[in-house]
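Undergrad: My request is simple: use the sequences and hints to build the entire structure.
Number of protein chains: 2
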Amino acid sequence: MTTDKKDSTEQKILDAAQKVFIQKGMDGSRMQEIANEAGINKALLHYYFRTKQKLFEAIFKKLIQTAIPDIKEMFFSELSVEKKIAAFVDVYTDLLYNNPYLPLFVLREINRDPHSLAAIMKNQGINPGEVLSVFEKEMAQGNIRRADPRDLLINILSLSIFPVAATPLLSEIFFNGEANEYRDFLRERKTSVKEFILNSITLR
Amino acid sequence: MTTDKKDSTEQKILDAAQKVFIQKGMDGSRMQEIANEAGINKALLHYYFRTKQKLFEAIFKKLIQTAIPDIKEMFFSELSVEKKIAAFVDVYTDLLYNNPYLPLFVLREINRDPHSLAAIMKNQGINPGEVLSVFEKEMAQGNIRRADPRDLLINILSLSIFPVAATPLLSEIFFNGEANEYRDFLRERKTSVKEFILNSITLR
DNA sequence: GTCTATATGGCGATAGAC
DNA sequence: GTCTATCGCCATATAGAC
Numbered sequence: 000m001t002t003d004k005k006d007s008t009e010q011k012i013l014d015a016a017q018k019v020f021i022q023k024g025m026d027g028s029r030m031q032e033i034a035n036e037a038g039i040n041k042a043l044l045h046y047y048f049r050t051k052q053k054l055f056e057a058i059f060k061k062l063i064q065t066a067i068p069d070i071k072e073m074f075f076s077e078l079s080v081e082k083k084i085a086a087f088v089d090v091y092t093d094l095l096y097n098n099p100y101l102p103l104f105v106l107r108e109i110n111r112d113p114h115s116l117a118a119i120m121k122n123q124g125i126n127p128g129e130v131l132s133v134f135e136k137e138m139a140q141g142n143i144r145r146a147d148p149r150d151l152l153i154n155i156l157s158l159s160i161f162p163v164a165a166t167p168l169l170s171e172i173f174f175n176g177e178a179n180e181y182r183d184f185l186r187e188r189k190t191s192v193k194e195f196i197l198n199s200i201t202l203r
Numbered sequence: 000m001t002t003d004k005k006d007s008t009e010q011k012i013l014d015a016a017q018k019v020f021i022q023k024g025m026d027g028s029r030m031q032e033i034a035n036e037a038g039i040n041k042a043l044l045h046y047y048f049r050t051k052q053k054l055f056e057a058i059f060k061k062l063i064q065t066a067i068p069d070i071k072e073m074f075f076s077e078l079s080v081e082k083k084i085a086a087f088v089d090v091y092t093d094l095l096y097n098n099p100y101l102p103l104f105v106l107r108e109i110n111r112d113p114h115s116l117a118a119i120m121k122n123q124g125i126n127p128g129e130v131l132s133v134f135e136k137e138m139a140q141g142n143i144r145r146a147d148p149r150d151l152l153i154n155i156l157s158l159s160i161f162p163v164a165a166t167p168l169l170s171e172i173f174f175n176g177e178a179n180e181y182r183d184f185l186r187e188r189k190t191s192v193k194e195f196i197l198n199s200i201t202l203r
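Taken in sequence, the protein lines are chains C and X.
Position 186 (the first sequence) corresponds to 185 in numbering that gives the first Met the number 0; numbering is contiguous.
Position 147 (the second sequence) corresponds to 146 in numbering that gives the first Met the number 0; numbering is contiguous.
Do not rely on the hints blindly, as some may be mistaken.
Given that identical chains are not distinguished, each listed pair holds provided it fits within a single copy or across any two copies.
Here are the computed lysine-lysine pairs in the DSSO-like style, where the Cα-Cα straight-line distance is at most 30 Å [said to hold, decoys possible]:
1. K51 with K83
2. K60 with K83
3. K82 with K189
4. K136 with K189
5. K61 with K41
6. K23 with K121
7. K23 with K60
8. K189 with K18
9. K41 with K11
10. K53 with K82
11. K136 with K83
12. K53 with K121
13. K11 with K121
14. K193 with K83
No lab work stands behind these hints: they were computed from the structure.
TA: As structure tokens, this is what we get:
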């Protein structure tokens, strides 16, 4: 490679914008702060991305993709449903361990502008129907406890995502604000969450 | 009563500010919009609350109190631990059914200004220790499955709060953006959540 | 207490030199 | 492509009449 994309100005802007937007959101972020973070000046931001809105959308789309792990291989594998769920919790826990700001960022911005969501989500091919039908089949076969499959999926997502989204709150409550201790706690929680789910759906 | 507090200017401001802040957050809200919502002008906002920051803090403190149901009577009752948990899920589900914006508002603003949290929380006397020790005792007595009591509490909170906080996302995914249908779904979910938790913690 | 008018500063965006 | 300088607007906040 003759040009090192990692060090290109455009890439520096994207990195800086992601860092600022993910923490402070669209409304709370300033172009000046992004420019400082990137080590350039404001004018250059507009030269590359024209408006704050367009810069934000570039970051948002990228992060939405990050936030959706590839569940297809998991749910269309030959694994038992218990193993599929366990694998999903593992993947999602690791993903959010490395991107702890992601959940709150996505929730905040989707709430701010719900319309932009629909369009972007269609592009990402989000389709819970396939996962739900796996659950339905397993329930019909008597492999797991019968329930509304949407509830089961929402429960799995809740247990995986909320503890990360609520980090500032929960680390204060349980660890007197020591975010690093809470972070360690979350990683160890992986096993416990899988047990919690499996204990609940396994027939006795 | 000679003065009707409900119709006082101060109360109109507080109502309007809550409506705007809870939806758009501190950063996304405008004093002009709050003034319009209250049917007054901007200057009067500052006459009563001096700064946007102080007005926001008044709302934030009030909403934090709203967000924390009185769990003492529940957890110090003579009910079985299963019934205590079920009662908690009931209370919290109803609370959030009536205040669906609350979870995301609290998470967003605590993330924005984590320092303000600690002080306010101390004032509210939030002390999970008492709930945790109830769980510990029940686990020691073999009434419920042994686990880290913090995990159990976080699981209960996750299952109760996340589905509400993620309403714009989940109503899009499961109900094509029909928020009212999703809202109904959440209410019916109450039973399912209680079953999910109890199935998981009950010994076989 | 409530209003209109205005001060003050900051932010997104652009012009234009290099 | 990158910079400095600046425009134009909008938001918070204040002054001052009533």
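Undergrad: Now, for every hint given, state plainly whether the structure supports it.
TA: Do the hints match the structure? See the list:
{"no.": "1", "hint": "K51 with K83", "in the structure": "neither (40 Å within a copy, 49 Å between copies)"}
{"no.": "2", "hint": "K60 with K83", "in the structure": "within (27 Å within a copy, 43 Å between copies)"}
{"no.": "3", "hint": "K82 with K189", "in the structure": "both (14 Å within a copy, 27 Å between copies)"}
{"no.": "4", "hint": "K136 with K189", "in the structure": "both (26 Å within a copy, 24 Å between copies)"}
{"no.": "5", "hint": "K61 with K41", "in the structure": "within (22 Å within a copy, 39 Å between copies)"}
{"no.": "6", "hint": "K23 with K121", "in the structure": "both (26 Å within a copy, 25 Å between copies)"}
{"no.": "7", "hint": "K23 with K60", "in the structure": "both (17 Å within a copy, 21 Å between copies)"}
{"no.": "8", "hint": "K189 with K18", "in the structure": "within (26 Å within a copy, 38 Å between copies)"}
{"no.": "9", "hint": "K41 with K11", "in the structure": "within (13 Å within a copy, 41 Å between copies)"}
{"no.": "10", "hint": "K53 with K82", "in the structure": "neither (41 Å within a copy, 51 Å between copies)"}
{"no.": "11", "hint": "K136 with K83", "in the structure": "within (14 Å within a copy, 34 Å between copies)"}
{"no.": "12", "hint": "K53 with K121", "in the structure": "within (19 Å within a copy, 41 Å between copies)"}
{"no.": "13", "hint": "K11 with K121", "in the structure": "within (29 Å within a copy, 41 Å between copies)"}
{"no.": "14", "hint": "K193 with K83", "in the structure": "both (11 Å within a copy, 24 Å between copies)"}
Of the hints listed earlier, those the structure fails to meet are numbers 1 and 10, in rising order.
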